[in-house]
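**Student:** Given the structure of chain U, go ahead and fit chains R and L onto it with the hints provided.
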Amino acid sequence: MRLELHKIHITGLAFADKTYTSGGTLFINKDKAEAVIAEDKRFAKVELDLACPGESTRIIPVKDVIEPRVKIGRNSYFPGFFAPMEKAGSGETLVLDGAAVVTCGPIVAFQEGFIDMSGPGAPYTPFSQTFNVVLYVEPAENLEKHLYEAALREAGLKLAVYLAKCSAENEWKADEVQVFEKGNSFEETQKYPDLPKIVYVCMNITQGLLHDTYLYANDLKPALPTLLHPNEVLDGAMVSGNCVSACDKNTTWHHLHNPIVQALYARHGKEINFMGMIPTQESTVMDGKLRAAAMNLSIAQQLGADGAIISEEGYGNPDTDLCLNARFFENAGIKAVLVSDESAGTDGASQSLADATPELDAFISTGNVNEMIEVPAMDKVIGCKEAISLLSGGAEESLRSDGSMFVELQSVIASTAEIGFNKLGCEWI
Amino acid sequence: MTREIERVAGIPVVQIATIVPIMLTVGTNRIVPGVAIPHPTGNPALGPEGDKAVRRELLLRSFKALTTPVTEQTIFEK
Amino acid sequence: MTYRIVHYINQFYAGIGGEEMADHKPELREGYVGPGMQIEKLFNGEGKVVGTVICGDGYYGEHTDQARIECLELIKGLQPDILFAGPAFNAGRYGFACGDIAATVGEELNIPTVSAMYPENPGVELYSKKTYIAITTDSARGMAKAIPSMVSIGEKLLKREKMGPARLEGYIHRGIRKSFFHEKSGAERAVEMLLAKLKGEGFRTEYEMPVFNKIPPAAPVSDLSKATIALVSSGGIVPKGNPDHIRVSSAESFGAYDISELKNMTPENYESIHGGYDREWANVDPDVVLPLDVMRELEAEGVIGKIHPIFYTTTGTGTAVANAERFGKEIGEELKKAGVDAAILTST
Numbered sequence: 000m001r002l003e004l005h006k007i008h009i010t011g012l013a014f015a016d017k018t019y020t021s022g023g024t025l026f027i028n029k030d031k032a033e034a035v036i037a038e039d040k041r042f043a044k045v046e047l048d049l050a051c052p053g054e055s056t057r058i059i060p061v062k063d064v065i066e067p068r069v070k071i072g073r074n075s076y077f078p079g080f081f082a083p084m085e086k087a088g089s090g091e092t093l094v095l096d097g098a099a100v101v102t103c104g105p106i107v108a109f110q111e112g113f114i115d116m117s118g119p120g121a122p123y124t125p126f127s128q129t130f131n132v133v134l135y136v137e138p139a140e141n142l143e144k145h146l147y148e149a150a151l152r153e154a155g156l157k158l159a160v161y162l163a164k165c166s167a168e169n170e171w172k173a174d175e176v177q178v179f180e181k182g183n184s185f186e187e188t189q190k191y192p193d194l195p196k197i198v199y200v201c202m203n204i205t206q207g208l209l210h211d212t213y214l215y216a217n218d219l220k221p222a223l224p225t226l227l228h229p230n231e232v233l234d235g236a237m238v239s240g241n242c243v244s245a246c247d248k249n250t251t252w253h254h255l256h257n258p259i260v261q262a263l264y265a266r267h268g269k270e271i272n273f274m275g276m277i278p279t280q281e282s283t284v285m286d287g288k289l290r291a292a293a294m295n296l297s298i299a300q301q302l303g304a305d306g307a308i309i310s311e312e313g314y315g316n317p318d319t320d321l322c323l324n325a326r327f328f329e330n331a332g333i334k335a336v337l338v339s340d341e342s343a344g345t346d347g348a349s350q351s352l353a354d355a356t357p358e359l360d361a362f363i364s365t366g367n368v369n370e371m372i373e374v375p376a377m378d379k380v381i382g383c384k385e386a387i388s389l390l391s392g393g394a395e396e397s398l399r400s401d402g403s404m405f406v407e408l409q410s411v412i413a414s415t416a417e418i419g420f421n422k423l424g425c426e427w428i
Numbered sequence: 000m001t002r003e004i005e006r007v008a009g010i011p012v013v014q015i016a017t018i019v020p021i022m023l024t025v026g027t028n029r030i031v032p033g034v035a036i037p038h039p040t041g042n043p044a045l046g047p048e049g050d051k052a053v054r055r056e057l058l059l060r061s062f063k064a065l066t067t068p069v070t071e072q073t074i075f076e077k
Numbered sequence: 000m001t002y003r004i005v006h007y008i009n010q011f012y013a014g015i016g017g018e019e020m021a022d023h024k025p026e027l028r029e030g031y032v033g034p035g036m037q038i039e040k041l042f043n044g045e046g047k048v049v050g051t052v053i054c055g056d057g058y059y060g061e062h063t064d065q066a067r068i069e070c071l072e073l074i075k076g077l078q079p080d081i082l083f084a085g086p087a088f089n090a091g092r093y094g095f096a097c098g099d100i101a102a103t104v105g106e107e108l109n110i111p112t113v114s115a116m117y118p119e120n121p122g123v124e125l126y127s128k129k130t131y132i133a134i135t136t137d138s139a140r141g142m143a144k145a146i147p148s149m150v151s152i153g154e155k156l157l158k159r160e161k162m163g164p165a166r167l168e169g170y171i172h173r174g175i176r177k178s179f180f181h182e183k184s185g186a187e188r189a190v191e192m193l194l195a196k197l198k199g200e201g202f203r204t205e206y207e208m209p210v211f212n213k214i215p216p217a218a219p220v221s222d223l224s225k226a227t228i229a230l231v232s233s234g235g236i237v238p239k240g241n242p243d244h245i246r247v248s249s250a251e252s253f254g255a256y257d258i259s260e261l262k263n264m265t266p267e268n269y270e271s272i273h274g275g276y277d278r279e280w281a282n283v284d285p286d287v288v289l290p291l292d293v294m295r296e297l298e299a300e301g302v303i304g305k306i307h308p309i310f311y312t313t314t315g316t317g318t319a320v321a322n323a324e325r326f327g328k329e330i331g332e333e334l335k336k337a338g339v340d341a342a343i344l345t346s347t
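Residue numbers (numbering that gives the first Met the number 0), protein chains in the order written: chain U, 0 to 428; chain R, 0 to 77; chain L, 0 to 347.
Hints should not be assumed to be uniformly reliable.
Over 10 Å on every C-beta distance to chain U, these chain L residues come out as not near it, computed from the model [said to hold, decoys possible]:
#, residue
1, E72
2, Q78
3, D80
4, V123
5, K129
6, A143
7, A165
8, L194
9, T204
10, E205
11, S221
12, Y256
13, E270
14, E333
Think about it this way: if two alpha-carbon atoms lie no more than 27 Å apart in a straight line, the pair counts; the simulated DSSO-like pairs of lysine-lysine are [stated by the list, open to error]:
#, chain 1, residue 1, chain 2, residue 2
15, L, K239, U, K144
16, U, K422, L, K155
17, L, K155, L, K75
18, L, K198, U, K269
19, L, K262, U, K190
20, L, K262, L, K239
21, L, K177, U, K422
22, L, K198, U, K422
23, L, K177, R, K63
24, U, K196, L, K196
25, R, K63, L, K335
26, L, K262, R, K51
27, R, K63, L, K262
28, U, K164, U, K86
29, R, K77, L, K225
30, R, K63, L, K225
31, L, K239, U, K384
32, L, K196, U, K190
33, U, K196, L, K183
34, L, K336, L, K262
35, U, K40, U, K29
36, L, K336, R, K63
37, L, K155, L, K144
38, U, K422, L, K183
39, U, K220, R, K63
40, L, K196, U, K334
I should point out that these hints are in silico values taken from the structure, not numbers from a laboratory. Please read these numbers as outputs of a predicted model, since none were measured by experiment. Glycine included, C-beta positions come from ideal geometry on N, C-alpha and C.
Here chain U stands alone, though its shape is the one from the complex (with noise of 0.2 Å):
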């Protein structure tokens, strides 16, 4: 299978009379960018904005984050969202890279989080460094939660191909491109024999409302562990339907660009012979955890695989999946590293993890979620400043009234996720 990524770079963003880029810029017509969105009656209100890298700003509450793509020659994207149902993962797709749809808008549950795009808490998500197009909602009066969540993971879709969309209408060019190729197992393992069989399990939240994640629009909860070739991953099989604490949230975005796919993709055929991914879920009953955790080993053992990376969404009851997942590999003997991140307490004097095993011997970390960050107040809030008293991570004396915040890292978005985009681990002092 052979995917390009048509990428253009931005690095500004402005409202105009017409949605388009040029010279870097993303351009957009807000009337007509709302009018799409408002198209949806769930929704009483919608409002765009827009925040850049650098700004005194900060988005609060958000849900997702997407990147602006869409199927060139088809103007869709997201099978099974505004993508007809078909395959991801080939021919070319135009990528408005740098920039990125943020949905933002009433709480929908505990989980959500913030954005700074500058500040001390700019460092501790991406999205301080993409040009964010905010889409801020408020639902329709007495709109049920799960239907507001589900229509504002729709809208965020739908914007995010609609700005690619216009893009590619008008005249474009791509700055970069990127090309993903890899055949099937088989024809792999025979152009590379000698090279160590590789499979990435990459856990989910399956866990009910504002914990769910999609493949190819369905719900993971009720399904079981399959197999993907890496180019459907990077090329939008993947959507986001969760905030678990918002620092683990695997956004769309970070689906989108799944970094340990790219980490081991670089490597295949020189190191390691990539097999695929294993997205796999996090039960809620432990009959679904140790299902799971055997159906995932059986997939890589079918596949004759060698070693696994596994990498965990959230924490608490997930980490007896993470550690049911070790177990199984190793004692199959089939050699694991794991990502996580570790909830430390405010004093990182707890234990780390909600639960342990021994063959567990090789943890990569994602950070501590407890860790206590100072933020000050923004000239520009775009959202709701007081929900910071609702989301995990803060309480009703988190935000002061000067605007500025002491909060854990939970409630910044990603900053601990742990799919493994950002740098920050946890060392013992």
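**Tutor:** Frame of chain U; chains R and L shown alone:
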């Protein structure tokens, strides 16, 4: 928390929760596996009567755990 | 300004004698003695060893309370900015004394304290969290590296400079996790670790699995029909409106509520505020997390004696283990005082 209550009060404590491995790891001595994470002591999918029946069975099993002498961590399955 | 440094050493390093002089009582000498000279030298004019406190290892070990008080007084009188103790290498009694006096001085005088030991020295297990213990070899042959290591750590503490991980600063970690930015992303580090593991090369896990405490199980209830049973939950079930503002995550407190008049949990009186699970079912009927309704039935039927009138609740997501243990202790004490016979704890 369960272990500390038991240790300090010197009374048997039975924990009803879904993630059995965690309870084993943190030292809970009397364990009754719960139904599911969001509803450990009930099963609303079975309707009000079915839900209550599940709850009763879990509690009776918990009482069995509280009145059974154990020498090590023990899971009380159905 | 020059930092006022005090150095604590034993009778051997003071040149007084070996084992036969281990009962040497605490003594103060002006300026540096023995290895203290190197400490002052490394401060390069920024610090001066204003005094050295010497105590026999045997005396400190056998008359610890006394020795501690006496040494503390001597040290206090010098008005130090920092205390260095040792290096003790693998000498057990010396390590114990260094750790003890460093911890004491740190707490009483609120100044940085630095010692130095071999990781297996018994002083490490007792005091690593209460002072900074630089890592040394197991014998005095490591002196040439031990002193600079102690001084480097000490200077950073004095100047309140940002410190890196313990393993890079050269001290035995104090059991605290701290976030740092690495050079490479988690994904890159994961792939590199896997490649090393596959090749059979050494690698360093970023977190070692802990080992938990277990306790012997409590005796069972002898007569259930006469027993008082308490209900406890970590599922975040609280009176409607969360009057005590228990946190939705990373709970710092637990609540105690009177349920003596309640027959069951309903959305009118109770709700779930736990941020870690889908609260849809709990908010329709909290009994699916805190099973009060059926407990009342069983109480009326005489299966149990009675339900304890107070129910205890907190949120179990992101709860620091230390807090969970503290809640357990406090709740345990209350249950003990109230003469409760058993407890049922539900978690989500």
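**Student:** Take the hints in turn and mark each one as holding or not.
**Tutor:** Hints, verified against the model:
Even its closest Cβ contact with chain U, about 32 Å, leaves L/E72 beyond 10 Å, as expected for a residue assigned away from the interface. With a least beta-carbon separation of about 29 Å from chain U, L/Q78 lies farther than 10 Å from that chain, consistent with its non-interface assignment. At roughly 22 Å, the least C-beta separation between L/D80 and chain U is larger than 10 Å, which holds for a residue marked as non-interface. At the 10 Å boundary, the C-beta of L/V123 stays outside the reach of chain U, the nearest C-beta of that chain being 14 Å off.
Interface exclusion of L/K129 from chain U stands, the closest Cβ pair being 13 Å apart, more than 10 Å. With a least beta-carbon separation of about 26 Å from chain U, L/A143 lies farther than 10 Å from that chain, consistent with its non-interface assignment. Interface exclusion of L/A165 from chain U breaks down, the closest Cβ pair being 5 Å apart, not more than 10 Å. Annotated as non-interface, L/L194 brings its C-beta within 10 Å of a C-beta of chain U; the closest such distance is 6 Å.
For L/T204, the condition that its CB be more than 10 Å from all CB atoms of chain U is violated, with the nearest at approximately 5 Å. The beta carbon of L/E205 is not kept farther than 10 Å from every beta carbon of chain U, the shortest such distance being approximately 4 Å. Annotated as non-interface, L/S221 keeps its C-beta farther than 10 Å from every C-beta of chain U; the closest such distance is 32 Å. Once the 10 Å rule is applied to beta carbons, L/Y256 is consistent with being away from chain U; the minimum gap is 20 Å.
For L/E270, the condition that its CB be more than 10 Å from all CB atoms of chain U holds, with the nearest at approximately 13 Å. Consistency note on L/E333: stated as away from chain U, and its beta-carbon is indeed over 10 Å from all of that chain's, at 23 Å minimum. Between the alpha carbons of L/K239 and U/K144 the distance comes to roughly 19 Å, so the proposed pair stays at or under 27 Å and holds. Note on U/K422 and L/K155: the hinted pairing holds, with a Cα-Cα distance of about 25 Å set against a maximum of 27 Å.
Pair hint L/K155 plus L/K75 holds up; C-alpha atoms about 22 Å apart against a cutoff of 27 Å. For a cut-off of 27 Å, the pair hint linking L/K198 to U/K269 stands: about 15 Å separates their Cα positions. Proposed proximity of L/K262 and U/K190 is contradicted: the alpha carbons are some 70 Å apart, above 27 Å. This hinted pair checks out: L/K262 and L/K239 have alpha carbons roughly 16 Å apart, not beyond 27 Å.
As the CA atoms of L/K177 and U/K422 are separated by approximately 14 Å, the hinted pair is consistent with the 27 Å bound. Between the alpha carbons of L/K198 and U/K422 the distance comes to roughly 25 Å, so the proposed pair stays at or under 27 Å and holds. Restraint check for L/K177 and R/K63: the C-alpha separation of about 44 Å exceeds 27 Å, so the hint is violated. At roughly 13 Å between alpha-carbon atoms, U/K196 and L/K196 fall within 27 Å of each other, so this suggested pair holds.
With a CA separation close to 22 Å, the supplied pair R/K63 and L/K335 stays within the 27 Å bound. Restraint check for L/K262 and R/K51: satisfied, since their Cα atoms lie roughly 14 Å apart, inside the 27 Å limit. For the proposed pair R/K63 and L/K262, the alpha carbon gap of about 23 Å is at most 27 Å, so the pair holds. Our distance criterion of 27 Å between C-alpha atoms is met by U/K164 and U/K86, whose separation comes to about 20 Å.
Restraint check for R/K77 and L/K225: the C-alpha separation of about 25 Å stays at or below 27 Å, so the hint holds. Restraint check for R/K63 and L/K225: the C-alpha separation of about 15 Å stays at or below 27 Å, so the hint holds. Pair hint L/K239 plus U/K384 holds up; C-alpha atoms about 25 Å apart against a cutoff of 27 Å. At roughly 24 Å between alpha-carbon atoms, L/K196 and U/K190 fall within 27 Å of each other, so this suggested pair holds.
Of the supplied pair hints, the one linking U/K196 and L/K183 holds, its CA atoms being roughly 23 Å apart against a limit of 27 Å. A hinted pair counts as satisfied when its Cα atoms are at most 27 Å apart, and L/K336 with L/K262 qualifies at roughly 25 Å. Between the alpha carbons of U/K40 and U/K29 the distance comes to roughly 18 Å, so the proposed pair stays at or under 27 Å and holds. At roughly 25 Å between alpha-carbon atoms, L/K336 and R/K63 fall within 27 Å of each other, so this suggested pair holds.
With a C-alpha separation of about 17 Å, the suggested pair L/K155 and L/K144 falls inside the 27 Å cut-off, and the hint holds. Restraint check for U/K422 and L/K183: satisfied, since their Cα atoms lie roughly 6 Å apart, inside the 27 Å limit. Our distance criterion of 27 Å between C-alpha atoms is broken by U/K220 and R/K63, whose separation comes to about 34 Å. As the CA atoms of L/K196 and U/K334 are separated by approximately 7 Å, the hinted pair is consistent with the 27 Å bound.
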